[in-house]
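J.: This is what each chain is made of:
Number of protein chains: 6
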Amino acid sequence: MPQPDHISALPVPEPARLDADIQAVYQKCMEKLGLVPNVLRAYSFHPQKLRNFMTMYNELMLGDSKLSKLEREMVAVVVSSANRCYYCLVAHGQAVRRLSGDAELGEMMALNYRVATLSPRQRAMLDFAWKLTVTPHQVEEPDRAALRAAGLDDAEIFDLADVVAFFNLSNRMAFALDMMPNREYHRLDR
Amino acid sequence: MPQPDHISALPVPEPARLDADIQAVYQKCMEKLGLVPNVLRAYSFHPQKLRNFMTMYNELMLGDSKLSKLEREMVAVVVSSANRCYYCLVAHGQAVRRLSGDAELGEMMALNYRVATLSPRQRAMLDFAWKLTVTPHQVEEPDRAALRAAGLDDAEIFDLADVVAFFNLSNRMAFALDMMPNREYHRLDR
Amino acid sequence: MPQPDHISALPVPEPARLDADIQAVYQKCMEKLGLVPNVLRAYSFHPQKLRNFMTMYNELMLGDSKLSKLEREMVAVVVSSANRCYYCLVAHGQAVRRLSGDAELGEMMALNYRVATLSPRQRAMLDFAWKLTVTPHQVEEPDRAALRAAGLDDAEIFDLADVVAFFNLSNRMAFALDMMPNREYHRLDR
Amino acid sequence: MPQPDHISALPVPEPARLDADIQAVYQKCMEKLGLVPNVLRAYSFHPQKLRNFMTMYNELMLGDSKLSKLEREMVAVVVSSANRCYYCLVAHGQAVRRLSGDAELGEMMALNYRVATLSPRQRAMLDFAWKLTVTPHQVEEPDRAALRAAGLDDAEIFDLADVVAFFNLSNRMAFALDMMPNREYHRLDR
Amino acid sequence: MPQPDHISALPVPEPARLDADIQAVYQKCMEKLGLVPNVLRAYSFHPQKLRNFMTMYNELMLGDSKLSKLEREMVAVVVSSANRCYYCLVAHGQAVRRLSGDAELGEMMALNYRVATLSPRQRAMLDFAWKLTVTPHQVEEPDRAALRAAGLDDAEIFDLADVVAFFNLSNRMAFALDMMPNREYHRLDR
Amino acid sequence: MPQPDHISALPVPEPARLDADIQAVYQKCMEKLGLVPNVLRAYSFHPQKLRNFMTMYNELMLGDSKLSKLEREMVAVVVSSANRCYYCLVAHGQAVRRLSGDAELGEMMALNYRVATLSPRQRAMLDFAWKLTVTPHQVEEPDRAALRAAGLDDAEIFDLADVVAFFNLSNRMAFALDMMPNREYHRLDR
Numbered sequence: 001m002p003q004p005d006h007i008s009a010l011p012v013p014e015p016a017r018l019d020a021d022i023q024a025v026y027q028k029c030m031e032k033l034g035l036v037p038n039v040l041r042a043y044s045f046h047p048q049k050l051r052n053f054m055t056m057y058n059e060l061m062l063g064d065s066k067l068s069k070l071e072r073e074m075v076a077v078v079v080s081s082a083n084r085c086y087y088c089l090v091a092h093g094q095a096v097r098r099l100s101g102d103a104e105l106g107e108m109m110a111l112n113y114r115v116a117t118l119s120p121r122q123r124a125m126l127d128f129a130w131k132l133t134v135t136p137h138q139v140e141e142p143d144r145a146a147l148r149a150a151g152l153d154d155a156e157i158f159d160l161a162d163v164v165a166f167f168n169l170s171n172r173m174a175f176a177l178d179m180m181p182n183r184e185y186h187r188l189d190r
Numbered sequence: 001m002p003q004p005d006h007i008s009a010l011p012v013p014e015p016a017r018l019d020a021d022i023q024a025v026y027q028k029c030m031e032k033l034g035l036v037p038n039v040l041r042a043y044s045f046h047p048q049k050l051r052n053f054m055t056m057y058n059e060l061m062l063g064d065s066k067l068s069k070l071e072r073e074m075v076a077v078v079v080s081s082a083n084r085c086y087y088c089l090v091a092h093g094q095a096v097r098r099l100s101g102d103a104e105l106g107e108m109m110a111l112n113y114r115v116a117t118l119s120p121r122q123r124a125m126l127d128f129a130w131k132l133t134v135t136p137h138q139v140e141e142p143d144r145a146a147l148r149a150a151g152l153d154d155a156e157i158f159d160l161a162d163v164v165a166f167f168n169l170s171n172r173m174a175f176a177l178d179m180m181p182n183r184e185y186h187r188l189d190r
Numbered sequence: 001m002p003q004p005d006h007i008s009a010l011p012v013p014e015p016a017r018l019d020a021d022i023q024a025v026y027q028k029c030m031e032k033l034g035l036v037p038n039v040l041r042a043y044s045f046h047p048q049k050l051r052n053f054m055t056m057y058n059e060l061m062l063g064d065s066k067l068s069k070l071e072r073e074m075v076a077v078v079v080s081s082a083n084r085c086y087y088c089l090v091a092h093g094q095a096v097r098r099l100s101g102d103a104e105l106g107e108m109m110a111l112n113y114r115v116a117t118l119s120p121r122q123r124a125m126l127d128f129a130w131k132l133t134v135t136p137h138q139v140e141e142p143d144r145a146a147l148r149a150a151g152l153d154d155a156e157i158f159d160l161a162d163v164v165a166f167f168n169l170s171n172r173m174a175f176a177l178d179m180m181p182n183r184e185y186h187r188l189d190r
Numbered sequence: 001m002p003q004p005d006h007i008s009a010l011p012v013p014e015p016a017r018l019d020a021d022i023q024a025v026y027q028k029c030m031e032k033l034g035l036v037p038n039v040l041r042a043y044s045f046h047p048q049k050l051r052n053f054m055t056m057y058n059e060l061m062l063g064d065s066k067l068s069k070l071e072r073e074m075v076a077v078v079v080s081s082a083n084r085c086y087y088c089l090v091a092h093g094q095a096v097r098r099l100s101g102d103a104e105l106g107e108m109m110a111l112n113y114r115v116a117t118l119s120p121r122q123r124a125m126l127d128f129a130w131k132l133t134v135t136p137h138q139v140e141e142p143d144r145a146a147l148r149a150a151g152l153d154d155a156e157i158f159d160l161a162d163v164v165a166f167f168n169l170s171n172r173m174a175f176a177l178d179m180m181p182n183r184e185y186h187r188l189d190r
Numbered sequence: 001m002p003q004p005d006h007i008s009a010l011p012v013p014e015p016a017r018l019d020a021d022i023q024a025v026y027q028k029c030m031e032k033l034g035l036v037p038n039v040l041r042a043y044s045f046h047p048q049k050l051r052n053f054m055t056m057y058n059e060l061m062l063g064d065s066k067l068s069k070l071e072r073e074m075v076a077v078v079v080s081s082a083n084r085c086y087y088c089l090v091a092h093g094q095a096v097r098r099l100s101g102d103a104e105l106g107e108m109m110a111l112n113y114r115v116a117t118l119s120p121r122q123r124a125m126l127d128f129a130w131k132l133t134v135t136p137h138q139v140e141e142p143d144r145a146a147l148r149a150a151g152l153d154d155a156e157i158f159d160l161a162d163v164v165a166f167f168n169l170s171n172r173m174a175f176a177l178d179m180m181p182n183r184e185y186h187r188l189d190r
Numbered sequence: 001m002p003q004p005d006h007i008s009a010l011p012v013p014e015p016a017r018l019d020a021d022i023q024a025v026y027q028k029c030m031e032k033l034g035l036v037p038n039v040l041r042a043y044s045f046h047p048q049k050l051r052n053f054m055t056m057y058n059e060l061m062l063g064d065s066k067l068s069k070l071e072r073e074m075v076a077v078v079v080s081s082a083n084r085c086y087y088c089l090v091a092h093g094q095a096v097r098r099l100s101g102d103a104e105l106g107e108m109m110a111l112n113y114r115v116a117t118l119s120p121r122q123r124a125m126l127d128f129a130w131k132l133t134v135t136p137h138q139v140e141e142p143d144r145a146a147l148r149a150a151g152l153d154d155a156e157i158f159d160l161a162d163v164v165a166f167f168n169l170s171n172r173m174a175f176a177l178d179m180m181p182n183r184e185y186h187r188l189d190r
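Protein chains in written order, with the working numbering: chain A, 1 to 190; chain B, 1 to 190; chain C, 1 to 190; chain D, 1 to 190; chain E, 1 to 190; chain F, 1 to 190.
Calculated from the structure, these hints are not laboratory results. Quick caveat: nothing in here was measured; it's all calculated off a predicted structure. Any given hint might turn out to be false.
Note that identical chains are pooled: a pair holds if it fits in a single copy or bridges any two copies.
Straight line, CA to CA, 27 Å or less: simulated DSS-like cross-link-like pairs of lysine-lysine [as the list claims (entries may be wrong)]:
1. Lys69 x Lys32
2. Lys28 x Lys49
3. Lys32 x Lys131
4. Lys131 x Lys28
Based on the provided sequences and hints, a complete structural model is requested.
T.: Below, the structure is given as structure tokens:
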């Protein structure tokens, strides 16, 4: 039985009918990634919200930070694993594979990060990400202290929290709209 | 024992040392609200992320939408109730009181929305908000169908999902940074 | 939309038709509190059970104990927060505000006690109350030891357990009967 | 390894040092049951609270009600099963065996009531008891409607709620004080 | 109301129509136990699967192991308690009573093992069994270390894991087929 | 950081020191699969238990059944997804890819089966598998009725239950022993 090929449960605008700035983004995605991530197309239902989402995302995942891009992607996948978000696990699992050159690491982040061999810093980050996702009201000072004990400074704690928080947003948009990831992700960087 | 008066568990920059655009926002807040919401001051730890957060927030909560501002605030509070986020319950609980002129409604949204007298449309929105927050991986087509049956169209479903998703982000930032709300909220619109 | 003004999902007897001793209690409530708490009116469906409930309540919350009245009310609210009981959160949240003179403390107990500044003794009591409410079968000797380490003696442990247990009873009666609190509570002691 | 023979984790007063009315109760228990239930001895730590507990219990479990005594005991055991309360499962499991003359029924109530052959009325009562115990905040009008559809009237709903609520109290006292049931229960009515 | 006397929700073959080897097993059960355990009769729906189940069971529960037969039965009952499996609680609860000569110990294992007086080794085994049953994905090296600290060696850890795993299988077969235990178990070894 | 390359947290016997029948199995695996599944090597810690495990597995997953081999593997992966078992997700996820020729289907089963396009029969089977894994005590006659309504007969229900039960066993052995899957699985059938 063929798997679903919709992008969103809501209507998805034709790219040609979108504003020039968004078309330019799509074109840049095609050039750099070979695809336009379906999350962008699903969000283009409301172009201004797409712009805001991309601005936040770009700063968060691609901007300057003492968290490496790989670390940020690992956190993104662990949050998405806790929430069981298919879209983000597929798209960001591929990012972990690409950035780490380690296909197994991507699988571990998606399926159960506890089996991975991690540095104490990474493990502390991912434990914090899991807890802040699953039982946020139980996050208190000892949880921040555990991050500090693993070497994270204030700026790193801020950026970690921000990635966790953001993927709790984007996971829920993906569920609410039944977003399906681009099929290309599956075969990349295996 | 005096209650905590910190704004964040991380350092909070002096307003005077922030960029002019952010100082201008603070000033506008003082004029309109009589206070600078502590979430802004906590986020000013990373000024660019503050800007992105505000841009997204303003579109989401104050921009055009077929969801009324009160409905959006009700959703914000119900998400924060599910997550037990003190900051957002205090700040947005006040917003529900102010916009509805109904102090009890604010309390009901914060404590247990199921006791409130709600229209079928409102009840459907809040049930969706609760489920998307607490068990997002169980949100499927029947959940969207329930919204449609209650009269929501595609644009309203998008905006509803967006508010739910956003407060799942902001609740987690509040927990991660132990943000405390401005004390003024407590006494307003009772 | 006006909020619900019923007292109970079951019929509520007219005060004038109740026995004299209960009418006398109602009158005393009017004199002291300016209202007859709706929980009494809801329970008057079965007058003898109302009497037993009041006798237990009065000993528990107003009788001699090394737990202060404020401490007992804080515990009552934290139990009700764990259970999300609107009636008890509104009625006993007001009691915390009144006894502490601290409106924020009442909000913190109702919304998430972990954000409050508490003495180690108070924190230990509230942690015990939460656990005994949410996962009672996991309460074991180390939990009593934690209370003792925070300075509670046997009599205090007994009284603490008793308050936690009682509000697990009264929360459930409130849910089962859909009891609504007197509206006056909302505005008192803000 | 011999099993525990304590009555409570807190001190238990010598019967001879208790007030005459409580000694009289103990004597009556010996005459009728052949034992003094350990819950009474544990509660005698605070004699007035023992009196209030007994008064409430006697009305609830032994007083007039359209719920039969067996039905009330079945509800008591199902609540205690949800909470995994050893004391109440042993003591009230025996009561179900005695009142029903059906040892298996007692085991089913204690271990998993869903396997028992029950009338629709009984099943509705026990489903309500389970839900009000485990997820009280989700009890709403449809839950009361299900009871009514199974034939319960207002008075029966009140009494059912009261039994569920009371055992949520007594289970928690048993956990908090680590009460152990009298060994005699184990062998009775098998 | 008479309790259910079915063996399985699926058809149960007449013993006389089963292969000779299975009939021989039934006969041996009658001789040794005075009954044919209903789990065997339910499984005889698929004779080869019954054979495999018995082979695994016999090695696991009756074969050589440094875990005593009583310890294995205690683990079986605690797993079944976590899962609330009526069949296995009744059948293996009786086994604990028989092997220990302690009827209370059987009840404790079935209702809440935390109340029992246990050696540190037993407590560690049962804590591991509970966790591996309820939150298997959280079992990590510290959990094995706790077993080692309580004196278990590699072979004992293997056998413990195997018993826990097996009863997570058999509990689920019992639920899926609604298996009812032989009534004789209830009265044995009280 | 290189990922773990252990097979089990317990010692793993050298193949050359195992009995001839097990060595023959290993050789057959090498011929057919190009690898000896690590689960066999981990289980060879106790050779007789390995034999029993393989006998059960072969009947269950490879024997005659009206459930196709693909359906059985889909069930295996969904159970392992509910339990978050890395070993089984990797090994049986590959089996779904191989048997279906659909790499995305394997990912969907592992990450969140609810996003897949499934026949009503498949969806019913996977919903049953999830529920029997996560809340087995809530499986009752309506759950079997849903399978029958989707076209499953008694034999299919038996075999479905058996696969669900078995992977609840094998997932727990994998967690208890920290089994790591053969790395070859990751790259196969992408």
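J.: Please go over all the hints and tell whether each is borne out by the structure.
T.: Hints, one by one, checked against the model:
| no. | hint | result |
| --- | --- | --- |
| 1 | Lys69 x Lys32 | within (17 Å within a copy, 39 Å between copies) |
| 2 | Lys28 x Lys49 | both (19 Å within a copy, 23 Å between copies) |
| 3 | Lys32 x Lys131 | neither (34 Å within a copy, 37 Å between copies) |
| 4 | Lys131 x Lys28 | neither (36 Å within a copy, 36 Å between copies) |
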